[in-house]
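Engineer: The residues making up each chain are set out below.
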Amino acid sequence: MARFTPHTEADVREMLEAIGVESIEDLFADVSPKLDSELNLPPTLSEYEALRDVEEAARENDTGLPMFLGAGAYDRIIPSSVGAMLSRGEFLTAYTPYQPEVSQGGLQVIFEFQSMISELTALEISNASVYDGANAVVEAALMTARLTKRNPKVAVSAGLNPRYREVIETYGAEIVTLSHNNGTTNFSEVPDDVSGVFVQNPNYFGIVEDIEAASEAAHDVDALCVAVCDPISLSVLEAPGNLGADIAVGEAQPLGMPLSFGGPYAGYMATKEEFVRQLPGRITGETVDRDGKLAYVLTLRGREQDIRRARANSNICTNQALTALAATVYTALMGPEGLREVAELSASKAHYLADKLTDAGMRLRYPDSPFLWEFVVEMGDVERANEALLDAGIIGGYDLGDGAMLIAVTEKRTKEELDAFVEVVANA
Amino acid sequence: MLSEKSLGSLIRDKGREGRRGFTLPKNDVENVDLGKVLPKKALRDEKPRLAEVDEPTVVRHYTNLSRKNWGIDTNFYPLGSCTMKHNPRANEAAAANPGFASLHPLQPEKQSQGALRVMHELQGFLAEVSGLPAVSLQPLAGAQGELTSILMVKKFFEDAGDSGRTTVIVPSTAHGTNPATATMAGFKSKEIGVDEHGGVDVEELREAVDGTTAALMITNPNTCGVYERNISEIAEILHGSGAFLYMDGANMNANMGRMRPAEAGVDIMHYNLHKTFSTPHGGGGPGCGAIASTENLAPFRPDPTVEKHGDEFHFVRPEKSIGRVAGFHGNFGPILRAWNYIKMHGPELRDVTDMAVLNANYVRAKLGGTYRVPYNELCKHEVVIQPPEGKRALDIAKGLIDHGYHPPTIYFPLVVKEAMLIEPTESESKETLDDFIGAMLELAETSEEDLEASPTTAPTRRLDETRAARQLKPRW
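Residue numbers (my numbering), protein chains in the order written: chain A, 1 to 428; chain B, 1001 to 1476.
What the hints contain is simulated information worked out from the structure, not anything from laboratory work.
Where a beta carbon is used, it is the ideal one built from N, C-alpha and C, also for glycine.
No incorrect hints appear here.
Here are the simulated lysine-lysine pairs, DSBU-like style, with alpha carbons at most 35 Å apart:
| no. | chain 1 | residue 1 | chain 2 | residue 2 |
| --- | --- | --- | --- | --- |
| 1 | A | Lys149 | B | Lys1473 |
| 2 | A | Lys415 | B | Lys1036 |
| 3 | B | Lys1041 | A | Lys412 |
| 4 | A | Lys34 | B | Lys1430 |
Covered, in the sense of this in silico footprint (three residues per stretch, anywhere, with C-beta under 8 Å from a C-beta of chain A), are these stretches of chain B:
| no. | segment |
| --- | --- |
| 5 | 1046 to 1057 |
| 6 | 1084 to 1092 |
In silico contact screen, one side only, chain B against chain A (beta carbon under 10 Å); selected entries:
| no. | residue |
| --- | --- |
| 7 | Gly1327 |
| 8 | Asn1359 |
| 9 | Ser1429 |
If we strip away everything but chain A, and leave its shape as in the complex, we get:
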């Protein structure tokens, strides 16, 4: 018997007898067509052997080096307490809190997550998270269509992460691309039949955009404004809810989630109270129990697939409870001042690097546009530069494919690493 199943042969015999069958095979008498051969899988490994293979595969990746890649996922410092809380089996091995009496811990975490997102975005209602930032974006696109009773057609800024844009396309929404001046989106040409106008801040090129201009343009055509915001940036940038945005969404990965080759992350979604019925995903609300004691429960379930089936506002079933816990613990540890410090440290180091690269004769693609911690540098042969960087033990920036590199700098980078980066690319 395998190590994760407790039965002895005697157990199996007694249980078969209680069921009234002779053999395990008899339990599959109704199965047709049967598989009559063994599964062609590699031989069973012990834990030690399996983890040795994990280690071997891990060594085939280049990690543990200073990182200048961003473009939607960021190499930030994660406090040790975050992982410690995530490893609590009561959180790790629970299901969706359908039985609130024995799920109060998870429910309160979601309530705190929602509160934290509401505070950062200055919007009244947050859901319990969705799969990732890209899915938060597409769910917001579909939400604007339901709210405006228009076809899903969205005007997106040229600075929207192209991967988010691709997911919008997969889900069948039409996209109108807005032009940009020097990396900053021009919101003066929004067609009048769109359901939503999307602005990303900071945008894909790292530039701080004008959310107010986007929301005015949206409201002029009776559409809704969706702001796609990096949650760390909201510690220093004005909250989208205060700039007229109707919905704020984004990728919560920078809040305490490891890069993990792209997931699991968590998408956040927040909106105004009047739009709550069209917000997809789980929502936790406060209530009381029979004794009048404060408690939490999944609420407004009438929007969801298991109740409304074909008429649900989305097929979304799970949230990202565990990664939302990471974001909640991370934000609690940092507090408003810590988040601000993360933002300011990153911005200081990014501006230092941009200045040094300019001093070394390189040109920023959008030199007059304001940025926080990500920027675009004209580099000619980016692939060659990245190879030279890797030889020097540095993971370079993202190759935009047109002779420019998108460089992200986080609070993790040291002056020494920044100087080394400049030296390598200046000589590449």
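Please arrange chain B on chain A, whose structure you already have, making use of the hints.
Structural biologist: Chain B alone, transformed into the frame defined by chain A:
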């Protein structure tokens, strides 16, 4: 560190302005004044009203919250349709390996060969278990695996120039995500009934299928825990009219090594790696809804999939891809755990299925007679029962909490009144099952008054759910 008593229950109530829970490295370059590099109106005037707390308070707060939560680690959790099996901790060790945890999704393929190899091998394992050769690991949850599958079917017909396929058929026993998915993908969903075994009513299906049918969404074993004995005939009916058979793979824990969906005529399916291959549910996610399909649907898979060319692994966009459904390549954490789980089992995955089915049938045999078993025949990995006449599923469920058991899924499937769907999984010992059965038999004899008062030993008693919706308060 303050005592719990002097404080409110939320993390923010435990804070005080000026407290900090984490220290960052000192700045080693010149400080940038954001007021100088950004337009003034872009900056925030007021700081967000977040908790300001120290690390000991944070750790105690969330540790104490965890103690108000049940998981598989603490309690038997026979939640039907959710496969709450033990989560081997080797998988957590694998996911925490810095060689994966700190790998950026946009690192060039040459720098991430180990991760690509894991993905490629898992694609192969999932193809072997299902018999369906074309796999995509990108969907981030079961519901997204469903949507991905149905979008692939849609694109297939678009590509074939067949614009008349407007309907997806869904049995009345289906998970709610199935009809919601059909709607989201732009199809009308048509519901059909079930036969006396809880299986798809073949005659009704025959009537329902026509030139407008794109697919049937079937769950096998179905949500009553019964094997769809007519699955081959069902597949023939669909294929006869040019439609596809999609299988919701939520219940693959009943099939591994005993049947393969491909040989039963399934064209495309999704897996729930967080169910069958035991990546932790995490309180509702993250998961992974990988899909597997026949070769004729392969060109429509999401972008990208992983291929091996020579000795190297590459991301490849399938020729007629529906596009991307996730920001990056999928939830790599669950992908890595599932790969490790399958490697620790190998062909013994069949034992997992065998023990899961044995446990469910044992519970069925022992509870039958006292509880009503609407489909009292061989079940697979789960069994649906009904409380004795006059008792409510909800009350039995809440009563179970006072016995230390997480309740089963209740009021699902919808076709069974007062349904209680019990999925013990292979992880549980005979002793645990016997104790659980004992509690269930005792609850059948417990007075309605006592049942209605339960739970009394949980962190809270029954909640006022109406108030939560009517006086919505979703934040501090």
